[in-house]
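The residues making up each chain are set out below.
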Amino acid sequence: MTTTSIRVVETPLVLYALRRADDALVLGHRLSEWCGHAPALEEDMALANIGLDLLGQARSLYSYAAEMEAAGHTEDDFAFHRDAPQYRNLLLAELPNGDFARTILRQFFYAAFADLYWRAMMASPDPTLAAIAAKSEKETAYHLRHSAEWVIRLGDGTEESHRRAADAVAYLWPYTGEMFEADAAERALVDAGTVLDPAGFRDAWDKTVSDILAEATLEKPAAGWMQQGGRSGRHSEHLGHLLAVMQSVPRAIPGATW
Amino acid sequence: MTQLDNGLGDEVLRRKAIEAASTVVDPEIPVLTIADLGVLRDVTVQGGHVRVDITPTYSGCPAMNMIAVEIDLALSRAGIEDKEVRTVLAPAWTTDWMTEEGRRKLREYGVAPPQPGTGRRALFGQDVVACPQCGSTQTHQLAEFGSTSCKALWRCESCREPFDYFKCH
Chain P
57 MTTTSIRVVE TPLVLYALRR ADDALVLGHR LSEWCGHAPA LEEDMALANI GLDLLGQARS
117 LYSYAAEMEA AGHTEDDFAF HRDAPQYRNL LLAELPNGDF ARTILRQFFY AAFADLYWRA
177 MMASPDPTLA AIAAKSEKET AYHLRHSAEW VIRLGDGTEE SHRRAADAVA YLWPYTGEMF
237 EADAAERALV DAGTVLDPAG FRDAWDKTVS DILAEATLEK PAAGWMQQGG RSGRHSEHLG
297 HLLAVMQSVP RAIPGATW
Chain Y
717 MTQLDNGLGD EVLRRKAIEA ASTVVDPEIP VLTIADLGVL RDVTVQGGHV RVDITPTYSG
777 CPAMNMIAVE IDLALSRAGI EDKEVRTVLA PAWTTDWMTE EGRRKLREYG VAPPQPGTGR
837 RALFGQDVVA CPQCGSTQTH QLAEFGSTSC KALWRCESCR EPFDYFKCH
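Going line by line, the protein sequences match chains P and Y.
Using the numbering used here, the letters of the first sequence map in sequence onto residues 57 to 314.
Using the numbering used here, the letters of the second sequence map in sequence onto residues 717 to 885.
Among these hints, one or two may not hold up.
Just some of the chain Y residues that point at chain P, by a computed CB distance under 8 Å [said to hold, decoys possible]:
{"no.": "1", "residue": "G763"}
{"no.": "2", "residue": "G764"}
{"no.": "3", "residue": "Y774"}
{"no.": "4", "residue": "S775"}
{"no.": "5", "residue": "G776"}
{"no.": "6", "residue": "C777"}
{"no.": "7", "residue": "S792"}
{"no.": "8", "residue": "V801"}
{"no.": "9", "residue": "L805"}
{"no.": "10", "residue": "Q854"}
{"no.": "11", "residue": "A859"}
{"no.": "12", "residue": "E860"}
{"no.": "13", "residue": "F861"}
{"no.": "14", "residue": "G862"}
Derived from the structure by calculation, the hints contain no laboratory data.
Think of the CB as a built atom: it goes at the ideal place given N, C-alpha and C, for glycine as much as any other residue.
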């Protein structure tokens, strides 16, 4: 039995780029699953467009990781030839779409963080990361506005939409803490001034989320125990299924082009 | 051959390359050239080797691959064979780089051009978008995400026509 999985030399910078790229790819792939299934045509297009933005962000970050690793890997190798334990994305990104409310709340929690994070990362002394941040920031601003408007509409909508939105908040909340985690490898980059500590964005994120949830008449859960593991490759059972679909063709026919 | 000759040759070649690359149009909005859009960033020539720099509008814009191929073909048609097309990310593209000519062509094509000024106020301020068909400002947004990454779907209350709006970015 041969494997088409690659081995990645995860220097702190490669790991950093892969983590953000994996967030964007996995979340973008989840959104693409809505294509043809969204509750309205406009939302079908919106979710596909947001997924496409995330895919673009992932490509830039994978290309950067490939350049930093300098082992001859390409963006496609990272996306299609790593197994679930090699993926470094947030658990939040891989959670199944559930209903529309869960998808929207997941997007809102992520975008509220990514918007703040990328805007601040535009000042990174690393020119490539700063450039990727500058592109991602503008796109994410639209994603945040779109999801926040929907959170308000669902929460402050009908009894049914409120119930579903409240269920989504409760389900997703334990997965939000991981966004603010940084391990030793990442802390080294933070200390060197190359990247920003995600923990520094917790208060601002908390404020955005509190404001929008309040407007949506949704209760914000108390700070509690948080899930983690995605950043070091310990994933939920959901990621493997997602990768099996996403990677099936390049795994079956490595190097295929059209 | 002296150094001076090489320099002059490169400058002539550069102008020829710019002229050729500037004819390439956006496959999604074929009235706009990549020069109108501000996607064409730089053309440099060194020792007869032509390098064209382009920058993506949106990270995931699927038109970029096609634009790169079209530039390559346009240069070949102009007799330039020693060439490369490079995608650069910095500085990040903004709709402010769209030329006046580009904005006029967009409007005539039926797409409302982006408002100038791309700060966060332009992104999140109250948009007043004039209908490209009748000029009325009695318009409203139907969907924030439209037929391509760069567009939103709007409708005019005066002439009742739906139209695309090229979003600020």
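Item to check | Interface hint compliance - V801(Y) to chain P, C-beta minimum distance less than 8 Å | outcome: With a closest approach of 15 Å, the V801(Y) hint is violated.
Checklist entry - Does S775(Y) pass the interface check with chain P, least Cβ-Cβ distance below 8 Å? => result holds (3 Å)
Task: chain P contact restraint on Q854(Y) - CB to CB distance below 8 Å - done: violated (21 Å)
Should the hint that G763(Y) touches chain P count as held when the rule is a Cβ pair under 8 Å? The hint is violated - G763(Y) has no Cβ within 8 Å of chain P, the shortest such distance being about 25 Å.
Given hint A859(Y) near chain P, where the shortest CB pair must fall under 8 Å
Constraint on A859(Y) satisfied, holds at 4 Å.
Q) Is the interface hint for C777(Y) satisfied, with its Cβ closer than 8 Å to some Cβ of chain P? A) holds (7 Å)
Can you verify the interface hint for L805(Y): is its Cβ closer than 8 Å to any Cβ in chain P?
holds (4 Å)
Can E860(Y) be said to touch chain P, with a Cβ gap under 8 Å? Because about 6 Å separates E860(Y) from the closest Cβ in chain P, which is inside the 8 Å limit, the hint holds.
Check your understanding: Are G776(Y) and chain P close enough, Cβ to Cβ, to be under 8 Å, as the hint says?
Key -> Status holds, d = 3 Å.
Classify the hint on Y774(Y) as holds or violated, based on whether any CB of chain P lies nearer than 8 Å to its CB. Holds: closest Cβ of chain P sits about 6 Å from Y774(Y), inside 8 Å.
Fill in: Restraint satisfaction for F861(Y) [CB to CB of chain P, less than 8 Å]
holds (4 Å)
Hold the hint about G764(Y) up to the distance rule: shortest CB distance to chain P must be less than 8 Å.
At about 27 Å, which exceeds the 8 Å cut-off, the nearest Cβ of chain P leaves the hint on G764(Y) violated.
Checked against the numbered hints given earlier, this structure breaks hints 1, 2, 7, 8, 10; the rest are met.
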